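There are 4 protein chains.
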Amino acid sequence: MIRVTVFGENHHEKTHKVVSDIYPKGMHTCIADALNTDKEIKATTVTQDQHEHGLTEKKLAETDVLTWWGHAIHDKVENAVVDRVQKRVLEGMGLIVLHSGHHAKIFRRLLGTSCDLNWREAGEKERLWICNPGHPIVQGIDKPYFELQNEEMYGEPFGIPTPDEQIFISWFQGGEVFRSGATWKRGNGKIFYFRPGHETYPTYHDKTVQLVIRNGVKWAKPEGKYPLGCPHVPADKAPEKIVVTGGSVH
Amino acid sequence: MIRVTVFGENHHEKTHKVVSDIYPKGMHTCIADALNTDKEIKATTVTQDQHEHGLTEKKLAETDVLTWWGHAIHDKVENAVVDRVQKRVLEGMGLIVLHSGHHAKIFRRLLGTSCDLNWREAGEKERLWICNPGHPIVQGIDKPYFELQNEEMYGEPFGIPTPDEQIFISWFQGGEVFRSGATWKRGNGKIFYFRPGHETYPTYHDKTVQLVIRNGVKWAKPEGKYPLGCPHVPADKAPEKIVVTGGSVH
Amino acid sequence: MIRVTVFGENHHEKTHKVVSDIYPKGMHTCIADALNTDKEIKATTVTQDQHEHGLTEKKLAETDVLTWWGHAIHDKVENAVVDRVQKRVLEGMGLIVLHSGHHAKIFRRLLGTSCDLNWREAGEKERLWICNPGHPIVQGIDKPYFELQNEEMYGEPFGIPTPDEQIFISWFQGGEVFRSGATWKRGNGKIFYFRPGHETYPTYHDKTVQLVIRNGVKWAKPEGKYPLGCPHVPADKAPEKIVVTGGSVH
Amino acid sequence: MIRVTVFGENHHEKTHKVVSDIYPKGMHTCIADALNTDKEIKATTVTQDQHEHGLTEKKLAETDVLTWWGHAIHDKVENAVVDRVQKRVLEGMGLIVLHSGHHAKIFRRLLGTSCDLNWREAGEKERLWICNPGHPIVQGIDKPYFELQNEEMYGEPFGIPTPDEQIFISWFQGGEVFRSGATWKRGNGKIFYFRPGHETYPTYHDKTVQLVIRNGVKWAKPEGKYPLGCPHVPADKAPEKIVVTGGSVH
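Protein chains in written order, with this note's numbering: chain A, 293 to 542; chain F, 293 to 542; chain V, 293 to 542; chain D, 293 to 542.
Same shape as in the complex, but just chain A (with noise of 0.2 angstroms):
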């Protein structure tokens, strides 16, 4: 059973009609709802209007894979969280960063670029073609690409450094592309960067995106830990015999 924690900003849900109306339980339900189907998922949501946005220590502890959604307040979620989340990454937990979470302060600080792109909200047209056709995310498409009627845009330049695998790229209709599924690796936890899901538009009900967020999350699981710390070796625990020579300021 892979355990997964829905973080969501939950905040359009409840200032804009229009996503209200799309998603009147609010996105991070969808989401973890559509995850639910799949009997080898159990997941639960938090969202940021929660003590310690819903990410404590034990809940982290509990969490195998992480979906992040935020887009108006990445600054409100508090650093103190974000770097109990980076921990947790860095040890082996793995992150799905969906749309506007290209700005959260999780992906920027797993990343430690910029994450700028250009933007356009105007529900426009997205076709994203698969890269590897044979990637565990796209098991289960059975075509070279899926489309999404009603998307806003990202355009190219993509502010991230180089994915470890490019998984979709998207081409849309007012003529921009983007790097729209990516993959990195930070210690021994992976990030799948998805892009599509603005809030205006009915994205997380769309079939296809709810089976590339599912299968993201089975390939971002953990399978082993990396410990944090930077351990003192004593000389008379080196592997090898050695003798101290020189200063100290230790």
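The set of hints was computed from the structure by calculation and includes no laboratory data.
Some clues are possibly wrong.
Put simply, identical chains are the same to the list, so a pair is met inside one copy or across any two.
[Unchecked claim] Simulated crosslink set (BS3-like; lysine-lysine; CA at most 25 angstroms straight-line):
id: 1; residue 1: Lys331; residue 2: Lys513
id: 2; residue 1: Lys331; residue 2: Lys306
id: 3; residue 1: Lys435; residue 2: Lys533
id: 4; residue 1: Lys331; residue 2: Lys379
id: 5; residue 1: Lys379; residue 2: Lys368
id: 6; residue 1: Lys435; residue 2: Lys517
id: 7; residue 1: Lys513; residue 2: Lys309
id: 8; residue 1: Lys510; residue 2: Lys368
id: 9; residue 1: Lys435; residue 2: Lys529
id: 10; residue 1: Lys379; residue 2: Lys350
id: 11; residue 1: Lys529; residue 2: Lys417
id: 12; residue 1: Lys379; residue 2: Lys351
id: 13; residue 1: Lys499; residue 2: Lys517
id: 14; residue 1: Lys533; residue 2: Lys368
id: 15; residue 1: Lys331; residue 2: Lys510
id: 16; residue 1: Lys417; residue 2: Lys435
id: 17; residue 1: Lys379; residue 2: Lys435
id: 18; residue 1: Lys533; residue 2: Lys417
Note that the structure is a prediction, hence the values are computed from the model and not measured.
Following the hints, complete the assembly by docking chains F, V and D onto the known chain A.
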């Protein structure tokens, strides 16, 4: 002319006689002097005890490559200065991180990982093997390796993302190994981590170490600028004609 | 059940008594036996002296992961078989390349580089350090390193493209270092190079070496299929409506 | 002065009037002329119909960067010449692979993958987006993209290993996307793949295409030499004193 700013923590030089005996004018001055033996380089120094650590907007705007040595008081580096340096690296400024700079805020910020390692201060022998004899950073070293008779040991695991290129790997007398020279790119900035340089040994007086840092500076110099920001592309400025549909949160 | 085919050159076992004394049934049998202690794995062997080296279309179609050990007669491996194995790796079959397989045609074919290295056969001590303690390939090793008392030395520079992940780095008694465990992906196939295994020492009887190969097999198993070929997309099948213009050479 | 050798297949120029009308002196001459407008570059041409395809040991020894265009008769390129070019790239010679060179023996040899893609020859519009505006290869392009009004379509999936850096991604009028500019390093040689250049359109007369190839040449020029070979290090030449033990096959 490559304009280099040499950042020095300048702490142990004032608090430990063993260090000030080896570097009476500070490690930063020793490094800058070594760089200035090259006619293509103009190196100046800043120290952590200066206002804004000497790294003002103006100074950074006039810096092509920044070298960074710190150890004991990383946590005293102001976050606003780290933000500023990160921005310049993403735009294209080169960064050479030296020795205990592995735990500098700016290095961890750009790599996104713990940068943890194992260590021992025993003055043992370090032998640095070259992994790509054709790389610009190792030109002029006429052997497959070079040695330092007394160095601190840093051992694997080194908590870094996979480097773009592995330049050196160290063999330590006490039995450990370490990825002692490695490069990454973040935004348009080139980053080179170079391990040697413990303050209680005369490492920065070593001719090969000086050569490597000079080579590193030339390798890391800017070759173009990556502007930051997330431009909005209005629908009527899209490369292809589109009609706006759907709701908006903007 | 993971179907593993263990390829053995089976040459030194027949020509050198020191080798046949250590591996009376051949190195390939020793490796296969070690794999078959795991209930998730079903390993069989093929040898270079068989017709098509045992690697028929049928055999490869039924292989999830191929392990490869060769040394003295790499050049005798038929190019048609190398083509066939490459195709299967690109589709998704895993490949574990062992020791002197660094110069196997299939390894050089997939990596594109010389795979050259320095070497010495002196039965010296090798200590393999783990670079990511959380990686699935090193699970079950309860120390930061493991040792082999007698091994051939392989030293840097190792003529490989930058690995996707560094798993082990070796320290040798004689003073060298080597990237002893490394992974790459080609097409959808996962590749793991694992250095130890000189034929004059009992390396494949070592419990930790056996564990690493078993872990490697599980890590490398296929997770999807990447079909090869260059499909033509006729203009009237383009996702967007277009009108053909300009000349043609087809 | 950068010495560039422009390799041209020179086949369609002789067999298709539409091609010879656009490139009366051959595509290779058009490319070489565009390179020679830069005072830092000295470009000469060779063609596949020459003895050893013009790529003799002597010619390659005097080549800093090789550009490669081929399409119809890749399989007629002699393997001995491919070996020779590969060796020079691994040593440090730059390589620019153009358009249908994606299936050239040398490109597949260096990357190890199929280099397959989807395609359509319909003279449609291609828009190449810049992924890193600071990269030396795109300097001088004053917009976030450039366009070619008539080009062949190449679509994802593109069967390549993950590039070291993504330079361009193309948007096609017919609905596809493609990783149109990408870099890799093999040995010490820098490789740049640049997609545009179908022979039935005047692509190599385009000023931006010419600029990109010139920039690519400057980016790919050698910066050091990686010598090939597997040196034996006798036990008495080991950096550390060792005593030989165990059997030998050498």
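Hints and how they fare:
1. Taking CA atoms no more than 25 angstroms apart as the test, Lys331 paired with Lys513 passes in both settings, with 15 angstroms inside one copy and 23 angstroms between copies.
2. In this assembly of identical chains, Lys331 and Lys306 lie within 25 angstroms of each other by CA distance neither inside one copy nor across copies; the values are 31 angstroms within and 53 angstroms between.
3. Proximity of Lys435 and Lys533 under a CA criterion of 25 angstroms is satisfied inter-copy only: 19 angstroms between copies versus 61 angstroms inside one chain copy.
4. Taking the closest pair of Cα atoms, Lys331 and Lys379 never come within 25 angstroms of each other, the shortest separation being 28 angstroms inside a single copy and 34 angstroms across copies.
5. Taking the closest pair of Cα atoms, Lys379 and Lys368 come within 25 angstroms of each other both inside a single copy (19 angstroms) and across two copies (21 angstroms).
6. Taking the shortest Cα distances, Lys435 and Lys517 sit within 25 angstroms of each other only across copies (13 angstroms), while inside one copy they are farther apart (36 angstroms).
7. In this homomeric assembly, Lys513 and Lys309 never come within 25 angstroms of each other (Cα to Cα): the closest approach is 35 angstroms inside a single copy and 47 angstroms across copies.
8. Taking CA atoms no more than 25 angstroms apart as the test, Lys510 paired with Lys368 passes in neither setting, with 30 angstroms inside one copy and 41 angstroms between copies.
9. Taking the shortest alpha-carbon separations for Lys435 and Lys529, only the inter-copy value of 13 angstroms comes in at or below 25 angstroms, while the best intra-copy value is 58 angstroms.
10. For a Cα distance limit of 25 angstroms, the shortest separation of Lys379 from Lys350 inside one copy, 13 angstroms, qualifies, whereas the shortest one across copies, 35 angstroms, does not.
11. Taking identical chains as interchangeable, the C-alpha atoms of Lys529 and Lys417 lie at most 25 angstroms apart only when they sit on different chains, with a minimum of 16 angstroms there against 62 angstroms within one chain.
12. For the identical chains of this complex, Lys379 and Lys351 are intra-copy neighbours only, at 14 angstroms inside a copy versus 34 angstroms across copies, given an alpha-carbon limit of 25 angstroms.
13. Only between protomers do Lys499 and Lys517 lie at most 25 angstroms apart by alpha-carbon distance; the minimum there is 22 angstroms, versus 33 angstroms within a single protomer.
14. For the homomeric pair Lys533 and Lys368, neither the shortest alpha-carbon distance inside one copy (52 angstroms) nor that between copies (37 angstroms) is at most 25 angstroms.
15. For a Cα distance limit of 25 angstroms, the shortest separation of Lys331 from Lys510 qualifies both inside one copy, at 12 angstroms, and across copies, at 23 angstroms.
16. Taking the shortest alpha-carbon separations for Lys417 and Lys435, both the intra-copy value of 17 angstroms and the inter-copy value of 24 angstroms come in at or below 25 angstroms.
17. In the homo-oligomer, the alpha carbons of Lys379 and Lys435 lie at most 25 angstroms apart only across protomers (22 angstroms), although the nearest pairing inside one protomer, at 38 angstroms, exceeds that limit.
18. In this assembly of identical chains, Lys533 and Lys417 lie within 25 angstroms of each other by CA distance solely across copies; the values are 12 angstroms between and 66 angstroms within a copy.
In summary, the structure is inconsistent with hints 2, 4, 7, 8 and 14 from the numbered list given earlier, while agreeing with the others.
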